[in-house]
Amino acid sequence: MSATVEEHAILDPTLAKPFPQAVLPVLRNPQLRKNVAHAIDVIQAKRAKLVAEKADWQELRTAAAAIRSHALDNLAFYLEQFETRCTAAGGQVHWAADAVEARQIILDLLRKEGASEVIKIKTMTSAEIQLNPFIEASGIRTYETDLAEIILQLGDQEPSHIVVPALHINRAQVREIFARKMGLENLSDDPKELTNAARTYLRRKFLDVPTAISGANFLIAETGGVAVVESEGNGRMCLTLPRTMITLAGIEKVLPRFQDLEVMLQLLARSATGERMNPYTSLWTGVTPGDGPQTFHVVLLDNGRSSILARPKHRQTLKCIRCAACMNTCPVYRQTGGHAYGSVYPGPIGAILTPQLAEMHHAQSLPFASSLCGACYEVCPVKINIPEVLLELRSEVVNQERKQVGRVLDPMYLGLRIANLIFAKAWIFHSAQWFGRIGLRFFTGKDGWIHWLPSVGGKWTQTRDLRGLPNQTFHSWWAARPKEGK
Amino acid sequence: MRASLFITCYNDTLYPETGRAVVKLLERLGVELDFHPKQTCCGQMHANTGFRGEAFSQAKRFVRLYQDTETVVVPSSSCVAMIRDQYPGLIHELGNTELQEQFAELLPRVFELSEFLVDRLGVEDVGAYFPHRVTYHASCHGVRALHLGERPFRLLSKVRGLRYLPLQNIDRCCGFGGTFSVKNAEVSSAMLAVKLQDVVATGAEYCTALDNSCLMHLGGAMHRQFAGMKTIHMVQILASTETSPVEVTA
Chain A
1 MSATVEEHAI LDPTLAKPFP QAVLPVLRNP QLRKNVAHAI DVIQAKRAKL
51 VAEKADWQEL RTAAAAIRSH ALDNLAFYLE QFETRCTAAG GQVHWAADAV
101 EARQIILDLL RKEGASEVIK IKTMTSAEIQ LNPFIEASGI RTYETDLAEI
151 ILQLGDQEPS HIVVPALHIN RAQVREIFAR KMGLENLSDD PKELTNAART
201 YLRRKFLDVP TAISGANFLI AETGGVAVVE SEGNGRMCLT LPRTMITLAG
251 IEKVLPRFQD LEVMLQLLAR SATGERMNPY TSLWTGVTPG DGPQTFHVVL
301 LDNGRSSILA RPKHRQTLKC IRCAACMNTC PVYRQTGGHA YGSVYPGPIG
351 AILTPQLAEM HHAQSLPFAS SLCGACYEVC PVKINIPEVL LELRSEVVNQ
401 ERKQVGRVLD PMYLGLRIAN LIFAKAWIFH SAQWFGRIGL RFFTGKDGWI
451 HWLPSVGGKW TQTRDLRGLP NQTFHSWWAA RPKEGK
Chain B
1 MRASLFITCY NDTLYPETGR AVVKLLERLG VELDFHPKQT CCGQMHANTG
51 FRGEAFSQAK RFVRLYQDTE TVVVPSSSCV AMIRDQYPGL IHELGNTELQ
101 EQFAELLPRV FELSEFLVDR LGVEDVGAYF PHRVTYHASC HGVRALHLGE
151 RPFRLLSKVR GLRYLPLQNI DRCCGFGGTF SVKNAEVSSA MLAVKLQDVV
201 ATGAEYCTAL DNSCLMHLGG AMHRQFAGMK TIHMVQILAS TETSPVEVTA
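Going line by line, the protein sequences match chains A and B.
This note's numbering puts the first sequence at residues 1 to 486.
This note's numbering puts the second sequence at residues 1 to 250.
The reader is advised that the hints may include incorrect statements.
In silico DSSO-like pairs for lysine-lysine, Cα to Cα no more than 27 Å straight-line [to be verified]:
| # | chain 1 | residue 1 | chain 2 | residue 2 |
| --- | --- | --- | --- | --- |
| 1 | A | K34 | B | K183 |
| 2 | A | K34 | A | K17 |
| 3 | A | K483 | A | K425 |
| 4 | A | K49 | A | K383 |
| 5 | B | K38 | A | K483 |
| 6 | A | K313 | B | K38 |
| 7 | B | K183 | A | K17 |
| 8 | A | K483 | B | K24 |
| 9 | A | K425 | B | K230 |
| 10 | B | K230 | A | K446 |
| 11 | B | K183 | A | K403 |
| 12 | A | K319 | A | K54 |
| 13 | A | K483 | A | K49 |
| 14 | A | K403 | B | K60 |
| 15 | A | K54 | A | K383 |
| 16 | A | K425 | B | K38 |
| 17 | A | K313 | B | K183 |
Listed below are several chain A residues computed to face chain B (Cβ distance under 8 Å; list not exhaustive) [stated by the list, open to error]:
| # | residue |
| --- | --- |
| 18 | Q335 |
| 19 | G374 |
| 20 | L414 |
| 21 | F443 |
Computed footprint of chain B on chain A, listed as stretches where at least three residues anywhere in the stretch have a Cβ under 8 Å from a Cβ of chain B [to be verified]:
| # | stretch |
| --- | --- |
| 22 | 11-24 |
| 23 | 360-370 |
| 24 | 420-433 |
| 25 | 459-466 |
| 26 | 470-480 |
If you are wondering where the hints come from, they were derived from the structure by calculation, not from laboratory data.
Since this is a predicted model, take the numbers as computed values, not measurements.
Beta carbons: idealized from backbone N, C-alpha and C, even for Gly.
Could you build all of it, start to finish, from the sequences and the hints given here?
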């Protein structure tokens, strides 16, 4: 049996529970919270050390933000350039408006290849479009090759982070999954032994399966090339042995020039895993005779991205290079891990990206899943002002919700509307303070503190006291004090 | 030097002793302090909860009230962050050029308390005496929006009798986040639990900050848990002297 009995996480924004409810089982799960906090503390410490040694870190961020903004501001141009150059180099480019189209394109390509199995390089975009279940339902088996993804696939679990998707699982749990699924009863939880088990499992797949699927860290418009960065070398294997490679990439992943990688790669590895350079950087351009896959397809996925692009204040969301520094520094994510976000994209970037990809029809609780502490913006290597976008989205959610009849009596809505009337005039504010003081006196204990409040106030007092209101406000003290002052 | 105190709605209602300490401190430093009786709220709660329409009216109100003021001093870092980071967007959206100009002129004259002391008055030693063990929480808006940097530490280091005890993860959020603390009460509480561990581990008697909202959150948990610590706004420490010690509340 698994060491922790967990509900199966639902990473589909159309089905997931609202964030405040989804966090409840997580917050009560000591092992999961320890695993998450430990993992991100380790990455954060490594990142901080490596960022500190770069004297030009802020300049790099500025450059990266400019490169990404420029690419997005001219996205149509660079995508067409990518298509032209990739095609010229022997690749085949496909355009997918949404998840349904992308899945079908990929399935058709696999069928044309006569594939019954496919190996995969880690790609969150394929999780976004729920590719694996779709392909498997059509009788084609998928094999993840990234170590964390293998753990999740064999353990029937969902990713909880975009860079280290299995960070919520510890060594003992990995051992249990491998022992059960690989039939290795005597496996220990020594990392070396676990990695060896995965290696043995993988080698046969690399040698036997001629078709591979990847994501892309970057698409390079200038050359028509694709870049994938990784730590384990499994990606490199997938790019060397198979006959056919199908790359799925969001349309926002494009960089104008090859040289832009110089800036991006310096930032990405440091931000993502706290390494100076990621161990494997694979770059390929179309097809090279006698070297690597001889058939190469790129599926360019929109799936809500153009609607984000069309909105000036929201566009910055698409600058993201998926380093996950925001979730590693986020005090909310540190408590909850990724599953509670109900999306393959968790943490601060997920809180803004997921509802926008769903065109604000789902995941409306996510923009509120932040204390607006600003730590995400501070670490973001491409300077996405996540708190600013969160506020935009909060305002959109409120504008949607306030039209709903049931909201009239919602204590939060009612309270904020009344508060607005109160703050409009000083005399109303002062009267409200008086009424508040009288009203709260009923709840104030002998010690002068409030220990219990009804309704929304009870959400405060479930874990915190509140000091009773003082008898005199500041403004009345000021008004009563002798006028000569000094 | 003349300055006008924007006390903020929650300090006026919940923490009048913070306001009294501002008056005591600034008058001791020779500032001619003024208080606009019509002030209410900066609109942060509305803006941060998505009620932008309501936040517009507070932003307009603030600009109209203070447009002729020489200097505005605010003992709350998150309210100053609201004015500095969110007002420009709100006021731009309103499309009223006169208001935009008034705001652009006013904004450089709005100071958070430690900014006012260190940058505007140029003082670090305010003549305070506070013989206690104190730790300092660098609140999110103070550290990441206002970039207060060394200012709070310089002010604290000059307080006689004060023993400063450093806080681990000093700039990690306490989990308050305004309405976040009730909309996501459980996560907020989990964040608070982690923060409070660090705060209590300092061994300090008092946890101070430049924002009473974080302190209300931390103090609420300290009181509930009989943690044996109290919170105190930094201005109350700075106002405290040997002959006139700080008001001790609750």
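Consistency of the hints with the structure:
1. K34/A with K183/B: holds (24 Å)
2. K34/A with K17/A: holds (23 Å)
3. K483/A with K425/A: Judged against 27 Å, a Cα distance of about 24 Å means the pair holds.
4. K49/A with K383/A: holds (20 Å)
5. K38/B with K483/A: Judged against 27 Å, a Cα distance of about 18 Å means the pair holds.
6. K313/A with K38/B: Distance ~34 Å between K313/A and K38/B Cα, so the pair is violated.
7. K183/B with K17/A: At roughly 15 Å apart (the allowed maximum being 27 Å), K17/A and K183/B satisfy the hint.
8. K483/A with K24/B: holds (14 Å)
9. K425/A with K230/B: violated (34 Å)
10. K230/B with K446/A: Given that 27 Å is the threshold and the Cα spacing comes to 18 Å, the pair holds.
11. K183/B with K403/A: holds (20 Å)
12. K319/A with K54/A: Holds. K319/A to K54/A sits at ~22 Å (cutoff 27 Å).
13. K483/A with K49/A: violated (56 Å)
14. K403/A with K60/B: holds (25 Å)
15. K54/A with K383/A: With a Cα-Cα distance of about 17 Å, the restraint between K54/A and K383/A holds, given a limit of 27 Å.
16. K425/A with K38/B: holds (7 Å)
17. K313/A with K183/B: holds (25 Å)
18. Q335: holds (4 Å)
19. G374: Holds - the Cβ of G374/A comes within 8 Å of chain B, reaching about 4 Å at its closest.
20. L414: Violated, because the Cβ-Cβ distance from L414/A to chain B comes to roughly 12 Å (cut-off 8 Å).
21. F443: violated (14 Å)
22. 11-24: holds (count 4)
23. 360-370: That given contact holds, which follows from 4 residues of the stretch 360-370 of chain A lying within Cβ reach (below 8 Å) of chain B.
24. 420-433: Holds: 8 residues of the stretch 420-433 of chain A have a Cβ under 8 Å from chain B.
25. 459-466: holds (count 7)
26. 470-480: It holds, with 8 qualifying residues against the three required.
Taken one by one, the earlier hints fail for this structure at numbers 6, 9, 13, 20 and 21, listed in ascending order.
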